[in-house]
Amino acid sequence: KAGVTQTPRYLIKTRGQQVTLSCSPISGHRSVSWYQQTPGQGLQFLFEYFSETQRNKGNFPGRFSGRQFSNSRSEMNVSTLELGDSALYLCASSALSYEQYFGPGTRLTVT
Amino acid sequence: QKEVEQNSGPLSVPEGAIASLNCTYSDRGSQSFFWYRQYSGKSPELIMSIYSNGDKEDGRFTAQLNKASQYVSLLIRDSQPSDSATYLCAVNLYSGTYKYIFGTGTRLKVLA
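Chain order of the listed sequences is A and B.
At position 6 of the first sequence the residue is numbered 6 (the numbering used here), and the sequence of numbers has no breaks.
At position 93 of the second sequence the residue is numbered 204 (the numbering used here), and the sequence of numbers has no breaks.
Extracted from the complex, chain A is given alone in its bound form (with noise of 0.2 Å):
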């Protein structure tokens, strides 16, 4: 099977910008989670969507958003970018066993 995937897997972006992140669950796996991880703060997580609906949230601003297509594909959005938001983002999907299977992750830099 084909693990997770995640594009881009760089992005440069100017404060103020949006951005758009996308991932690709493993075939059969209904369940993405996004994270944010910052040397600083460790994994924190953002939200988690199971069949196209936002099942949980982590405490994270409204600028921070996602979305899950009915083939288990998902976005996360971030709006008026901050230097802040600079940090590597991971995807990861999930079966029923609830092991987490993470993609490459996206390294987003805000200048």
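None of these hints come from the bench; they were simulated from the model.
As the structure is a computational prediction, the values presented were derived from the model and not from experiment.
Ideal Cβ positions, reconstructed from N, Cα and C, are used throughout, including at glycine.
Among the hints, a few may not be true.
Said to hold, decoys possible - Subject to a maximum C-alpha distance of 27 Å in a straight line, what follows is the list of computed BS3-like cross-link-like pairs (lysine-lysine):
no., chain 1, residue 1, chain 2, residue 2
1, B, Lys113, B, Lys167
2, B, Lys210, B, Lys167
3, B, Lys210, A, Lys57
4, B, Lys153, A, Lys13
5, A, Lys57, A, Lys13
6, B, Lys153, B, Lys210
7, B, Lys153, B, Lys167
8, A, Lys57, B, Lys153
9, B, Lys167, B, Lys178
10, B, Lys220, B, Lys167
11, B, Lys153, B, Lys178
12, A, Lys57, B, Lys167
Claimed, not checked - Now the in silico label distances, taken between C-beta atoms and shown as ranges:
no., chain 1, residue 1, chain 2, residue 2, range
13, B, Tyr182, A, Phe60, 27 to 33 Å
14, A, Gly3, B, Ser151, 18 to 24 Å
15, B, Lys178, A, Thr14, 47 to 53 Å
16, A, Arg63, B, Leu222, 40 to 46 Å
17, A, Gly58, B, Gly140, 29 to 35 Å
To be verified - Computed footprint of chain B on chain A; a stretch qualifies when at least three of its residues, placed anywhere within it, have a C-beta under 8 Å from a C-beta of chain B:
no., segment
18, 64-74
19, 101-109
For this one, chain A is given, so just place chain B on it according to the hints.
Chain B alone, transformed into the frame defined by chain A:
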């Protein structure tokens, strides 16, 4: 109190020794437990999951769960320099909805 706690390390062990990584969690509603390994600059990869009290072995790795004491540990036998990485503990618990919580990780260094 953090929901999932790990010692940040680094934990240094000589090659061939047993590395012991520990994790404690605060919510007794926690139902399933996971260990991930993350190499520098890479994404986390699942090593093991454990759901019931006791030991679970997979190759050189053994996960141990004690729900009464609220801890889960990972033993790595015959440690190799290639095991040098950050090890993340994760807990899945149900509190009205399912939550998946990661610890901040323990950095392991295996010395050749």
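Hinted pair Lys153(B) and Lys210(B), Cα distance within 27 Å: Given pair Lys153(B), Lys210(B) holds - Cα atoms ~24 Å apart, limit 27 Å.
Restraint status (C-alpha distance of Lys113(B) to Lys167(B) at most 27 Å): Distance ~26 Å between Lys113(B) and Lys167(B) Cα, so the pair holds.
Range agreement (Cβ of Ser151(B) with Cβ of Gly3(A), hint 18 to 24 Å): At 20 Å between Cβs, range holds.
Gly58(A) paired with Gly140(B), Cβ distance criterion 29 to 35 Å: violated, 18 Å
Outcome of range test on Cβ distance (Lys178(B), Thr14(A); 47 to 53 Å): holds, 49 Å
Holds or violated: Lys57(A) to Lys153(B), with C-alpha atoms at most 27 Å apart: With Cα atoms ~24 Å apart, Lys57(A) and Lys153(B) stay inside 27 Å; holds.
Claimed coverage, the segment 64-74 of chain A by chain B - three or more beta carbons nearer than 8 Å: Since 0 is below three, the answer is violated.
Pair hint Lys153(B) and Lys178(B), alpha-carbon separation not exceeding 27 Å: At roughly 31 Å apart (the allowed maximum being 27 Å), Lys178(B) and Lys153(B) break the hint.
Hint consistency between Lys153(B) and Lys13(A) [alpha-carbon to alpha-carbon, up to 27 Å]: Satisfied, since the Cα-Cα distance of roughly 22 Å is no more than 27 Å.
Agreement of Lys153(B) and Lys167(B) with the hint, judged by alpha carbon distance not exceeding 27 Å: Given pair Lys153(B), Lys167(B) holds - Cα atoms ~26 Å apart, limit 27 Å.
Annotated coverage of the segment 101-109 of chain A by chain B, confirmed only when three residues or more have a Cβ within 8 Å: holds (count 5)
Pairwise hint evaluation, Lys57(A) against Lys210(B), where the allowed Cα distance is 27 Å at most: holds, 9 Å
Figure legend: structure checked against the earlier numbered hints; hints not met, in rising order: 11, 12, 17 and 18.
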